[in-house]
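Listed here are the chains, written in short residue letters.
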Amino acid sequence: MASLGPTFGRGAMTNSWTDIKNADVIWIMGGNAAEAHPCGFKWVTEAKAERGAKLMVVDPRFNRSASVADHYAPIRSGSDIAFLSGVINYLLTNDKIHKEYVRNFTNAAFIVRDDFEFNEGLFSGYDESKRSYDRSTWEYKFGDDGFAIRDMTLQDPRCVFQLMKKHFAQYTPELVERVSGTPKDKFLKVADWVASTANGERAMTIMYALGWTQHSHGAQNIRCAAMIQLLCGNIGIPGGGVNALRGHSNVQGITDVGTLTAAIPGYLALPTEQEPTLESHLGKRTFKPLTPNQTSYWQNYHKFYVSFLKTQFGANATKENEFGYNYLPKLDGIYDCIKMFDLMHQGKTTGLLCQGFNPLMAIPNTNKSREALSKLKFLVSMDPIETDTARFWENHGEFNNIDPAKVQTEVFMLPVTSFAEEEGSVTNSSRLIQWKWKAADPYFESKTDTEILADLFVRMRKMYEKDGGKGKEALLAVDWSYKDPLHPTVDELQIELNGKALTDLKDAEGKVVRAAGQRLATFGEMRDDGSTDGCMWIYTGFYGPTGNMAQRRDNADPSGLGVYPSWGFSWPANRRIQYNRASADPDGKPWSERKKYMYWDGQRWSGPDVPDYVPTIPPDRAVGPFIMNAEGVSRLWVRGLMADGPFPVHMEPFESPVGNLVFPKLKGNPVARVFKYDMEALGTSKDFPIVGTTYRLTEHFHYWTKTVHANAVMQPEFFVEMSEELAKEKGIKHGQRVRIWSKRGEVKGKAVVTKRLKPFKIDGKTVHEVGLPLNFGFIGETKKASPINSLTSAIGDSNSQTPEFKAFLVNVEPIAGPVA
Amino acid sequence: MFTPVPNPTTNPVAAKFGQQDLIRRSASSVTAPAKRQTEVAKLIDVSKCIGCKACQVACLEWNNLTEEVGVNVGVYDNPHDLTANTWTLMRYTEYENAESGNLEWLIRKDGCMHCEDPGCLKACPAPGAIVQYSNGIVDFDHDKCIGCGYCIKGCPFNIPRISQVDQKAYKCSLCSDRLAVGQGPACAKACPTQAIVFGTKDEMKQWADHRIKDLKSRGFKNAGLYDPPGVGGTHVMYVLQHADKPQIYAGLPNNPSISPLVEVWKGVTKYVGLAAIGAFAAFGFLHHAVAGANRVTAEDEKNAERLTEGQR
Amino acid sequence: MSKSEVDAGDSVHPGKPVIVDRYTVAARINHWITAVSLVLLALSGLALFTPALYFLTGLFGGGQLTRIIHPWIGVVLFLSFMGLFFRFFRLNLWERTDSVWMSRMRDVLANEENKLPEVGKYNAGQKMVFWSMSLFILVLITSGVVIWDQYFGNYFTIEQKRIAVLIHSATAIVAICVWIVHVYAAIWVRGTIGAMTRGKVTGGWAWRHHRRWLKDLVTGKN
Amino acid sequence: MNMELSRRSFMLGAGAGLAGTSLGALGFGEIEAAHALSIRPFKLAQTKEVRSQCPYCAVCCGMMIFAAESKVEKGKMEVTHIEGDVDHPVNRGTLCPKGAGAIDYIKSKSRVKYPMYRKPGTNSFERVSWDFAMERIAKLMKEDRDANWVEKNRDGVTVNRWLTTAFLAGSSVANEGGWATFKVSRGLGLLQIENQARI
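Protein chains in written order, with this note's numbering: chain E, 1 to 820; chain G, 1 to 312; chain U, 1 to 222; chain C, 1 to 199.
Since the hints were made in silico from the structure, they are not lab data. Hints may contain errors.
What the hints assert, rightly or not - Capping the alpha-carbon separation at 30 Å, the derived lysine-lysine pairs in DSSO-like fashion look like this: (1) E/Lys686 x E/Lys589; (2) C/Lys48 x E/Lys470; (3) C/Lys119 x E/Lys438; (4) E/Lys472 x C/Lys139; (5) C/Lys152 x E/Lys339; (6) C/Lys107 x E/Lys466; (7) C/Lys142 x E/Lys470; (8) E/Lys743 x E/Lys784; (9) E/Lys348 x C/Lys48; (10) E/Lys377 x E/Lys784; (11) C/Lys139 x E/Lys319; (12) C/Lys48 x C/Lys107; (13) E/Lys728 x E/Lys339; (14) E/Lys184 x G/Lys221.
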């Protein structure tokens with residue numbers, strides 16, 4: 001989500017699953033919704049069947065999404081930016097853009113500093129030694145009033161719109177074909193269908209997933225998509241949006257709740273050691289509007305922050321101690337999971353706790369991960385099922401070759417209840433919070449995650465109280481005043497998430513608007529004086545005074561637009577389509593009857609959804625629809641908010657069969673973080689001429705379902721998909737066992753020789769690609785296989801640190817023996 | 001969106017149909033019910049199918065079937081064929097459309113078609129082992145099945161399979177137990193894209209027209225419904241993008257009908273055979289009555305003695 | 001005179017009446033095993049052949065068991081009949097006089113044997129039963145294997161099985177008819193059954209029905 | 001929740017003016033009759049039904065879970081069947097091959113039944129008590145925390161961090177459990193905290 005945030009203001013799926021039925025064009029790229037999200041994909045088939053929508057799929061493989069598409073275009077893994085920039089160029093050069101939307105709802109009109117430069121793929125401010133940019137020159141030009149300067153005619157050569165035209169001009173259809181291997185006519189058909197929605201009449205939705213994220217330039221792939229949607233005016237309208245299809249059931253909720261190295265619930269920031277005081281932390285986050293009258297909602301940051309501190313530290317959070325700010329750990333850098341395993345591999349880590357996580361499978365470069373785990377003093381696996389990680393020390397022949405006697409790690413495998421044996425709220429990909437009720441009793445001795453962690457926490461605090469120890473004060477400062485400290489109830493935790501009034505809250509006239517102890521109805525009620533708590537402002541209201549909104553099950557849909565406003569609760573403030581004020585023109589009228597959604601009715605903003613806007617601000621106040629952004633508008637130009645540039649640039653993967661044909665000087669993402677170990681583990685196209693890409697099969701869910709009988713039956717064994725041409729070249733027979741190896745490791749599997757993969761012509765040279773499903777391992781009911789990440793590299797994206805799983809180099813050879 | 005059947009209840013419900021609704025019964029006759037129930041049908045829209053196999057899993061789970069974990073043989077089809085436990089199966093075909101120049105991945109859900117004129121039932125020698133309800137369901141009664149495999153020979157679609165465990169024949173029951181309480185088949189309920197829908201046969205034909213219109217608008221000029229008359233129509237129908245050539249869908253028969261061999265075997269042979277046996281027996285009696293026994297006479301014995309005298 | 005009409009074990013015991021040994025104990029056991037299997041096969045086969053006779057499965061303990069037993073009896077029959085075949089085929093070889101005998105079928109049926117050429121150990125009718133049964137049993141065992149799904153299900157296509165099942169049932173019918181002729185002949189020609197029970201016939205019987213066989217025995221032509 | 005209402009709102013939603021199947025329209029005569037011999041009794045009758053949602057992907061399909069007295073563990077309720085929840089606006093009762101097989105996950109051969117412990121250098125897990133496991137883990141963690149706790153950095157800024165133990169948080173845990181996870185792990189001073197969002 002490291003690019004949707006900078007562009008729109010919030011890093012989450014913009015629309016909802018059911019809203020997809022309102023689309024006229026559906027574009028699936030960098031994802032495979034039919035296989036990864038079949039029941040969400042239903043709404044694609046619905047749009048096709050009932051609305052005559054067109055579906056186009058751009059993917060290296062003709063996959064199961066493509067099998068029901070109206071148009072399929074092949075693309076070489078890792079070349080998405082070239083393709084998407086080609087589309088941007090097509091829209092700009094053919095003037096196929098939604099002018100009024102772009103002028104008023106994006107920062108196209110903003111003037112950029114004169115000292116900003118771009119040449120040979122690098123933006124101004126690059127420091128090669130640090131592999132990073134000084135982003136100061138990427139800022140707007142500001143006037144004496146302190147506001148950014150704009151040219152609403154979009155003519156100024158330094159305005160974002162003109163810079164864009166210049167920046168993308170070189171991405172012609174011919175270049176796209178040369179770089180991405182997409183035949184020109186197939187590319188043009190995509191561009192043309194996109195253009196057909198660049199008006200208020202028709203809508204296009206873009207559905208993507210890890211196919212765009214898992215690249216060393218993943219965030220910029222998604223940036224391109226966001227820009228295309230802004231040029232077409234497809235954000236904030238029904239059937240539009242950039243829909244990031246999340247993986248795990250509650251990955252959205254767990255991300256919201258901030259279990260990420262630098263996060264605090266609700267997208268607040270964990271302090272860094274450069275921020276010794278609460279003031280110094282908040283001071284950097286005032287979010288003053290950059291143009292007049294803008295909402296710039298993050299101005300309320302400090303209220304949310306203090307409310308969080310009050311929940312984390314309870315009575316121990318006082319004005320005097322900056323609400324316990326200093327009890328929080330402070331960052332000296334970020335510790336994402338890749339860094340985590342690099343440190344572990346260096347022997348710098350003592351213990352690892354895995355909660356429903358199977359890192360031996362999930363983390364790139366399995367051999368490195370296995371060595372890293374072997375260096376731990378202890379490993380705890382909390383999971384309903386046995387994971388390959390929990391048994392990393394066990395020898396499984398070629399599939400997990402290790403000598404248990406040499407592994408000194410203490411390993412604990414704790415039984416956790418399955419989804420059916422517990423209750424709680426879960427947030428789906430489109431921010432919809434829903435409830436699940438408990439259906440069965442815990443399996444044998446299993447316990448819920450909360451019970452296990454409560455037990456651990458209480459034990460450790462007792463030990464510190466008894467024997468003392470380092471960091472005792474910070475540990476005991478945490479508020480743990482649950483009725484039963486060993487069993488915090490779901491209700492108690494939900495109240496903490498929602499927040500409540502700690503003292504009577506009074507309005508300006510001194511009237512009590514919220515009595516002490518009452519749960520808050522909206523985050524608007526939060527205060528920075530310690531009179532409210534609530535650890536996650538974006539969820540506030542989901543358990544408000546009226547009750548548990550997550551449990552709402554009224555599936556009426558009065559508008560017929562798939563809004564379902566009374567089903568569950570969609571953060572923020574139960575909005576189903578984000579930035580929905582943009583569904584109306586600057587005067588507050590719908591862009592078209594066909595796309596009518598939210599509009600100004602004279603008194604207020606009304607429509608089937610909750611306005612993502614202050615409901616009573618009239619259009620003439622010219623308040624932008626992107627209320628989280630200090631500009632009030634969305635960002636075609638992201639200023640310094642992304643590490644690798646204000647505009648996307650074509651960058652090749654770190655392992656690529658060809659050099660960068662657009663900017664020969666660029667070797668991979670110039671600011672991607674690369675650890676020494678991983679840099680040395682890169683292969684060249686000389687030894688590894690074939691592109692490898694990994695993906696999920698619809699019959700399986702990541703590394704879970706290999707332990708699930710029915711799914712093991714549906715896809716029993718690891719295989720490699722390859723073109724008939726490659727098979728012929730290598731003398732590989734259909735169904736024969738083959739060996740695939742990269743600079744980092746090898747795997748063996750059956751060959752699925754198919755017409756659905758075709759060799760690419762890249763700059764005149766033939767490039768083969770193989771598909772590698774990731775769902776197989778050495779634990780479970782499927783046939784044993786080496787983890788697919790034995791092949792992959794840990795080099796990750798410069799913004800999200802997401803590893804480059806989707807494009808790397810391998811080689812393939814047949815293994816003698818009987819063909820299945 | 002084809003409106004789904006509401007959620008099932010856990011309260012006991014009286015069966016909506018039963019013995020009294022049988023219209024055919026293998027190797028025996030039934031008194032047809034006064035009024036035939038509305039015919040039901042399952043419509044499988046190949047053009048909407050994403051080959052996710054949810055139907056396969058739903059079928060296993062609902063019917064408490066346990067299939068073995070197999071191997072990959074270079075295709076997505078798993079298991080590789082229908083078995084006594086796999087009553088439905090996705091069959092994948094990579095089809096290069098010469099006209100459009102496009103690759104098409106045709107994915108067909110295979111399984112019992114519930115023929116109006118069921119070959120399995122016709123071939124079955126065990127009374128009541130195969131029955132047909134007036135709503136169109138063709139169902140197997142495993143207590144009566146003798147495992148002879150005649151149903152396999154009778155089926156024009158190669159559907160029934162004999163279990164290696166109990167040597168009885170198995171196939172899709174159209175979830176007769178779910179239908180009996182007003183639910184649809186488990187596969188239809190699970191199907192994420194509604195490529196499988198279930199309702200009355202008329203509704204299904206109507207819905208198919210609606211789908212075929214859409215397909216024609218997308219350039220599939222030969223899109224159509226597969227409801228083969230050769231078997232009197234089926235209660236499982238397909239919407240095909242290329243209804244003019246069913247065989248490209250993993251060998252779906254172009255114009256299926258019960259094999260003439262089976263017709264002859266179960267028809268004329270049966271009667272002629274019994275007649276012949278009867279005739280021969282009858283001839284025996286007749287001849288004996290007319291010509292009488294062929295007895296050895298004293299004369300014959302004498303001749304024999306005379307002949308052997310020299311021996312003494 | 002052509003070849004000898006005598007089998008090993010055939011012999012004459014002069015006296016009143018003359019007694020002639022026609023079948024050895026081995027031959028008789030072999031014959032009755034074949035006979036019993038054939039009857040069981042006919043019953044179980046007919047049970048599966050037509051619903052009208054499905055009740056016969058009761059004799060074998062139900063449909064499943066009938067389906068399981070039938071092919072095994074078939075195997076027994078086949079082996080046992082092989083025995084008979086090699087025992088008897090020499091004297092069942094066709095001769096010119098057999099054709100004459102056949103052409104005088106009216107006399108045969110009218111018990112007018114004196115008008116017929118002298119017959120060796122087997123008359124033309126018996127020979128025809130022998131050869132047709134040999135053929136039918138070969139066809140039945142072959143087609144039977146093709147439809148024996150439990151063990152051979154995977155070796156044949158469904159179409160092959162359809163052909164096989166049709167051939168199998170048709171052949172079985174004809175075989176049963178021939179068997180009826182065989183049994184009826186044994187009853188009709190008195191003194192015959194003893195040949196297969198006690199193994200002996202009277203001289204008169206031999207004289208009347210198989211005079212050349214008797215003469216060869218007496219003249220010791222063998 | 002109101003199923004009547006939910007049902008009606010779906011009828012309104014029926015596509016393309018085609019009336020959907022309604023029970024009556026299925027045309028089953030209203031004859032009271034016992035099940036025919038070939039028809040199995042309806043297996044959900046007399047079970048306990050609960051609304052839940054799919055644990056796998058982020059579509060979060062609505063599920064109906066049916067449970068009954070456990071055959072394995074006396075006195076406990078166990079799941080007997082799972083199918084889609086038709087009332088759910090997103091999945092409308094449908095499930096993908098993972099969701100449709102979710103009961104096999106609950107009953108997986110790989111389910112962990114008891115706390116298991118593997119001693120250094122050994123080649124197997126042994127069953128241990130919850131108390132042993134938790135006491136041992138707490139002890140190991142305290143040792144490490146005491147050994148590697150950083151209270152102030154070089155510039156004397158209070159940083160209260162613990163860098164030598166890491167926590168990988170699951171993304172299938174409910175929000176409440178997730179918050180407990182955050183509170184505990186940050187409360188301990190951990191910085192190495194991640195979930196699946198990044199990979």
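| Looking back at the numbered hints, which does the structure fail to meet, lowest number first? | 1, 2, 3, 6, 9, 11, 13
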